[in-house]
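Chains W and H, in that order, give the protein sequences.
Just add 197 to wherever you are in the first sequence, counting from 1, and you've got the numbering used here.
Just add 3 to wherever you are in the second sequence, counting from 1, and you've got the numbering used here.
There's no promise every hint is true.
Covered stretches of chain H (in silico footprint by chain W; criterion: 3 or more residues with CB under 8 Å from a CB of chain W, positions within the stretch not fixed) [to be verified]: (1) 12-18; (2) 24-33; (3) 44-52; (4) 61-67; (5) 83-92.
Okay, the calculated beta carbon distance ranges per label pair [said to hold, decoys possible]: (6) W:R213 x H:N81: 34 to 42 Å; (7) W:E449 x H:G77: 40 to 48 Å; (8) H:G77 x W:D474: 30 to 38 Å; (9) H:E70 x W:T587: 37 to 45 Å; (10) W:N583 x H:V15: 32 to 40 Å; (11) W:D568 x H:N81: 37 to 45 Å.
Hints in this document: simulated from the structure, not taken from any laboratory.
The beta-carbon is built from N, C-alpha and C at its ideal position, and this holds for glycine as well.
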Amino acid sequence: MAKAVNTLAALSQQLRTGSVSSRELTEDSLLRIARLNPALNAVITSCEDRALAAAAQADKALASGDVSPLLGIPMLHKDIFCTRDVRTTCASKMLAEFIPPYSATVVNRLETAGMISLGKCNMDEFAMGSSNETSFFGAARNPWDTARVPGGSSGGSAAAVAAGFATLATGTDTGGSIRQPAALCGITGLKPSYGRVSRYGMIAFASSMDQAGPMARTAEDCALVLSAMAGSDALDSTCSDQPVPNYAETLEQSISGLRIGVPKEFFSHHLDAAVADAIDRAIKELEQAGATIVDVSLPSTDLGVSTYYVIAPAEASANLSRYDGVRYGYRCENPADLEDLYTRSRSEGFGPEVKRRILVGTFTLSAASYDQYFMKAQQVRRVIANEYDTVLDNVDVIAGPSAPNTAFVLNDQSKSITDMYMEDVFTIGANLAGLPAISVPAGLVNGLPVGMQLIGRRFDEARLLNVAHQYQKRTDWHTLSPDLGGLV
Amino acid sequence: MTHAAAVKEVAVLARLSISDEDIETATTEFNQTLALFDALSSVDTTQVTPMVNPLDAVQRLRIDSVETLVDREGLMRNAPAQDQHYFLVPRVLD
Numbered sequence: 198m199a200k201a202v203n204t205l206a207a208l209s210q211q212l213r214t215g216s217v218s219s220r221e222l223t224e225d226s227l228l229r230i231a232r233l234n235p236a237l238n239a240v241i242t243s244c245e246d247r248a249l250a251a252a253a254q255a256d257k258a259l260a261s262g263d264v265s266p267l268l269g270i271p272m273l274h275k276d277i278f279c280t281r282d283v284r285t286t287c288a289s290k291m292l293a294e295f296i297p298p299y300s301a302t303v304v305n306r307l308e309t310a311g312m313i314s315l316g317k318c319n320m321d322e323f324a325m326g327s328s329n330e331t332s333f334f335g336a337a338r339n340p341w342d343t344a345r346v347p348g349g350s351s352g353g354s355a356a357a358v359a360a361g362f363a364t365l366a367t368g369t370d371t372g373g374s375i376r377q378p379a380a381l382c383g384i385t386g387l388k389p390s391y392g393r394v395s396r397y398g399m400i401a402f403a404s405s406m407d408q409a410g411p412m413a414r415t416a417e418d419c420a421l422v423l424s425a426m427a428g429s430d431a432l433d434s435t436c437s438d439q440p441v442p443n444y445a446e447t448l449e450q451s452i453s454g455l456r457i458g459v460p461k462e463f464f465s466h467h468l469d470a471a472v473a474d475a476i477d478r479a480i481k482e483l484e485q486a487g488a489t490i491v492d493v494s495l496p497s498t499d500l501g502v503s504t505y506y507v508i509a510p511a512e513a514s515a516n517l518s519r520y521d522g523v524r525y526g527y528r529c530e531n532p533a534d535l536e537d538l539y540t541r542s543r544s545e546g547f548g549p550e551v552k553r554r555i556l557v558g559t560f561t562l563s564a565a566s567y568d569q570y571f572m573k574a575q576q577v578r579r580v581i582a583n584e585y586d587t588v589l590d591n592v593d594v595i596a597g598p599s600a601p602n603t604a605f606v607l608n609d610q611s612k613s614i615t616d617m618y619m620e621d622v623f624t625i626g627a628n629l630a631g632l633p634a635i636s637v638p639a640g641l642v643n644g645l646p647v648g649m650q651l652i653g654r655r656f657d658e659a660r661l662l663n664v665a666h667q668y669q670k671r672t673d674w675h676t677l678s679p680d681l682g683g684l685v
Numbered sequence: 004m005t006h007a008a009a010v011k012e013v014a015v016l017a018r019l020s021i022s023d024e025d026i027e028t029a030t031t032e033f034n035q036t037l038a039l040f041d042a043l044s045s046v047d048t049t050q051v052t053p054m055v056n057p058l059d060a061v062q063r064l065r066i067d068s069v070e071t072l073v074d075r076e077g078l079m080r081n082a083p084a085q086d087q088h089y090f091l092v093p094r095v096l097d
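Looking at chain W on its own, in the form it has when it is part of the complex:
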């Protein structure tokens, strides 16, 4: 274990004082990726020439006095975000050769802010998975132990930041896909409120829950990036037009007197005992910082998994019907007729987990099952969201674990499909209710990172980031890095 590489905020300072150039940072990152990625498989596509050209532009802007906080900082995108003229695969054979003719709003905004895109990160295929093992390009590895998963679906992004490829990677979170890998890789990951960040150009999985967010070393870094990512977008009608605060401005507020709710259901039989101890200690740290800890209850926590695994596959089955081998994406060889073209292109182009979810989603949306499953799940979704709202009427923030365990071993045959779905038991609620949530490093168990999750009120990302930052000022878990000496 070693002390961490720089944070984004520190690099930003160094760039503005001229002690380092964007070109130097970009070259360092590219070199690190070239050396370590063969062992980690965190990056699917590298964009060296484009990155170096963008770094040269950034250095010119810096020399002319531009002090934008993100200018010249290298970063990576999850390969779910469309990047104009750069291959965007969603880690699927279906899109293995897809070159988008436009970029996602998130990509455009971060580029406009001056960030340097180094390439695209591995992920679970179409963001469906909690281990990165469903990727068509093979699983990314956890830098803390390469025999273990980095989590998912934004596993490549989490592994890349943990391994110091860059100080920032974008992720997306539909049921925990930013927070769980952030927890398992020992970094900080924020899922904003539904509608806080535009979904334009982000390949759709479950449209009523998908949300993009930053994955970085610290809450401070997440705050700097969210300020640039968030805000209304005419190209996404589900994106909120609520004003975007400067999240960095409220980080230093005291959390004395803040009420933090701890749901007893988050400390159930699903939770590993050693992880529970680490989270207990983290919550005590918040108490010592002046927060008032309140016992609360979210009785439908376990039901979240059932609800989510009806709604997400149903929305996915509709969203993924666009992949038919006609306009873009994989097409089978020598189709006999149009039906054969559709069926074989989809059957050969999608991996097993994606097909499982499409099947379930098609079933729950069929006329005979709609009321029993889909309608019922949407009603239970309301019950769950109401429970969160009631709790958040009485507390400012909810605290608990991000994941039930530390990183598990790759190809764990003892884990059934539904065991894997339970990985999301503590994260799913925030997606169903549309709430913002963040995972922060909160300890090590047997040398593997543990993440504490904080959940806030809708559009109150500022408070979450404030609490997370104050926690990180009192602890040093976020400064730890895995020892990667053996990988080179």
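For this one, chain W is given, so just place chain H on it according to the hints.
This is chain H only, laid out in the frame that chain W set:
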């Protein structure tokens, strides 16, 4: 309990094929997932309005003005088969 024949029928609707070799595993996994949903029936949801969108948002409309967002060449570049800006598919009419 959903039987293999029913799972195959769902696959047809989803335009996916499941081989005879794989149908047993696919049916087992399908039923494992459906078993996870049984818990939902324990919740009393009478009078509960389904939640379609977490913000209960309604569709926002924009001004109906013509904009060019994506160039045609860029779109056609990804077509598996094309001719003169038309997507080609197997013959559908004799």
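These are the hints, each one checked on the structure:
Taking a C-beta to C-beta cut-off of 8 Å, the segment 12-18 of chain H contributes 5 residues in contact with chain W, enough for the three needed, and the coverage statement holds. Counting residues of the segment 24-33 of chain H whose beta carbon lies closer than 8 Å to any beta carbon of chain W gives 3, which reaches the threshold of three, so the coverage claim holds. Figure legend: the segment 44-52 of chain H, annotated as covered by chain W; annotation consistent (5 residues with Cβ-Cβ distances under 8 Å, at least 3 required). A count of 4 residues in the segment 61-67 of chain H with a Cβ less than 8 Å from any Cβ of chain W is obtained; the coverage claim is therefore met, three being the minimum.
With 4 residues carrying a beta carbon less than 8 Å from a beta carbon of chain W, the segment 83-92 of chain H meets the three-residue requirement, and the given coverage holds. Between R213 (chain W) and N81 (chain H) the Cβ separation comes to about 40 Å, which falls inside the hinted range of 34 to 42 Å. Look at E449 (chain W) against G77 (chain H): about 45 Å separates their beta carbons, and that is inside 40 to 48 Å. In this structure the hint that G77 (chain H) and D474 (chain W) lie 30 to 38 Å apart at CB is violated, the actual value being about 54 Å.
Take E70 (chain H) and T587 (chain W): their Cβ atoms lie about 43 Å apart, and the range 37 to 45 Å holds. For N583 (chain W) and V15 (chain H), the Cβ-Cβ distance of about 39 Å falls inside the hinted range of 32 to 40 Å, so the restraint holds. Between D568 (chain W) and N81 (chain H), the C-beta spacing of about 39 Å keeps the proposed range 37 to 45 Å intact.
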